[in-house]
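Asker: Residue numbers (the working numbering), protein chains in the order written: chain A, 1 to 467; chain B, 1 to 125.
Calculated directly from the structure, the hints in this document are not laboratory data.
Ideal placement from N, C-alpha and C gives every residue a C-beta, glycine not left out.
Fair warning: there could be bad hints in the mix.
[As the list claims (entries may be wrong)] Coverage of chain A stretches by chain B, computed from C-beta distances (three or more under 8 Å per stretch; other residues unrestricted):
1) 98-112
2) 206-218
3) 234-243
4) 268-275
5) 403-411
6) 447-454
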Amino acid sequence: MTVAVETRETVVHGDRVSLLRVLGPAHVWALGVGIVLVGEFTGWNFAADKGGALAALIVCWVVGLLYTSVAMIDSEVTSTVAAAGGQYAQAKHIVGPLMAFNVALFLVFAYTMLEVSDAILLGDTIVAKAGVEGLTHNSFIAATIVVLAWLNYRGVLMTLNVNFVITAIAYISIVILFFSVSPWTQGAVLKLNELVTPGNALPYGWIGVIAAFQFGIWYYLGIEGTTQAAEEVRSPARSLPYGTMAGMITLLIAAAMTWYVCASLMPWAYLGITYYPLWDAGKLTGSPLLENLLFIATLLAALASANGCINDAARAWFSLGRDRYLPSWFSAVHPKFRTPYRSILFLLPIALAFAFIADLNQAITFSILSGVLQYTFMSINIMMFRKKWPLGSIRRGYTHPFHPLPAIVLFCLCVVTFFAIFLGFGSQLIAMIAFYFLISLWFHFYRYKFVRRGDQFTMPWPKPQGY
Amino acid sequence: MSRYIPPEQSKAGQVFDIAVVVVAIFVALWLPLKLGLAGAAKSIDALDAKTWEALGQNATMASIWEKLGYTPETAHDIIQNRFHYIIDWPTLIIMAVVLIAYFVFMFRASDREYRDVINEKFDGK
């Protein structure tokens, strides 16, 4: 593993107003972990519903391996292709325009539906806490999405500074909960042996473990979003690998602590259906302080995630406009705040609409589907990257070790996850693929005629091998 | 190689393309919800005897359910609402074929477009 000095291979976009380079590794960490940490507060536990409590632990580690591969691969490619749009810019330079168009849509769908899930969680949590009859989550959902969109509109530095603070508080609350329940002692507060028994650990057997992969993704979904900041970090070659890897380590620790505490405090059948596993864990300790802390942390985690998702989805959409894959109207940068403001505003009503018509696990499934399609692309993308530009042919900010093992592991785990989604949510998977197929035909046979050919390749690299 | 000059798109054309994308997004996400295709394929295995024992809950589990405000009657539909993992092979094969076809089309069509990009960028050298 090598980390080189700052790459100078940054992207130039003529005389247009560009995004500001103001972010450091802490912001990258805040963006990645901020998007993902909400997964510990809700979502991961649906893996227990699909396979039992032990299945949720097994997928926590195995899917952790998937995401470690994602982080390693992503760090190498993004530290070399430092452009807004993250995986979209990678696809454009390595695979081709149609793949790039699809990858951008994967990103926009994954992040927008994640934002929707966050807003629903936040609204439901407040309604559950208030306990007032007739109170609905709609106004809380609308306020969350609109206020965060405004924050993103006003500037990336402030957005990610806010994310850093609220993510850190939410993370610390998990650590406080973990140490408050005497994790080294079973029987006093935690009762893992009585709740996860040989008879109920895997209620569906090993097929349940495979099925649980679907929601196991939710432990870490979105960590790859760090790459969206590539054009706004001061030193992409340093900040992106450090921020992403630190984020992954942080999340692996949080996921393990979360599973241990929750599986030791509630029966798997309840754990699998609750929207608030950590808040419920706080309640079940009997401590009002922990209960309130975890309530606030659930809200903060949802806010941080929605905030990061708006940031990332808007940059992916913005990149599509800049390359004329979509009307160039979307590529405008705000003259004062230097943000992709039209993309932020365009995606706002879409998020609002789905927040009102979808429920939480449907929105999560939409997001997971787009995420897994994207990871499948990434496993093939890194193989093509190394083949077209072998080591030594271009300057890489970071070179990931053990190639091609991480790519093979990632691909195999993606195949398993598709099968897991088929077990219970197959219709949604087929509907989504049908959508991507049709929109791809539209792009390939119609929209692509508006795209300049050679201008899409902006990196100062030599011609790829084999072309 | 001659440089490809794309046609200028009119404002009306841009608005139309935006509308196409928005409609496609809504159809893809909203239609499965509307048709009831979204959501988990689960069903309740009903029990006649609604006791903690019959529901497979030991004393510790029962006490936690009660702490959460549930009785055996109200917990029944949660505990007995189960997935039934029966692999429907024709559907699985269709899904696999659709997925593989999608990725094959994606990479092949992308490669054709990519060759034009590289030829123009590097001027055919």
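Asker: Within the stretch 206-218 of chain A, is the number of residues with a Cβ closer than 8 Å to a Cβ of chain B three or more?
Answerer: holds (count 3)
Asker: At a Cβ distance under 8 Å, does chain B reach at least three residues of the stretch 98-112 of chain A?
Answerer: holds (count 5)
Asker: How does the stretch 268-275 of chain A fare against chain B when you require at least three residues with a CB closer than 8 Å, holds or violated?
Answerer: holds (count 3)
Asker: Between the stretch 403-411 of chain A and chain B, are there enough contacts, at least three residues with CB-CB distance under 8 Å, for the coverage claim to hold?
Answerer: violated (count 0)
Asker: Is the coverage entry for the stretch 447-454 of chain A by chain B consistent with the three-residue Cβ rule at 8 Å?
Answerer: Per the Cβ count (8), the hint holds.
Asker: Can you tell me if the stretch 234-243 of chain A counts as covered by chain B, using C-beta to C-beta distances under 8 Å and a minimum of three residues?
Answerer: Result for this restraint: violated, n = 0.
Checked against the numbered hints given earlier, the structure breaks hints 3 and 5 and satisfies all the rest.
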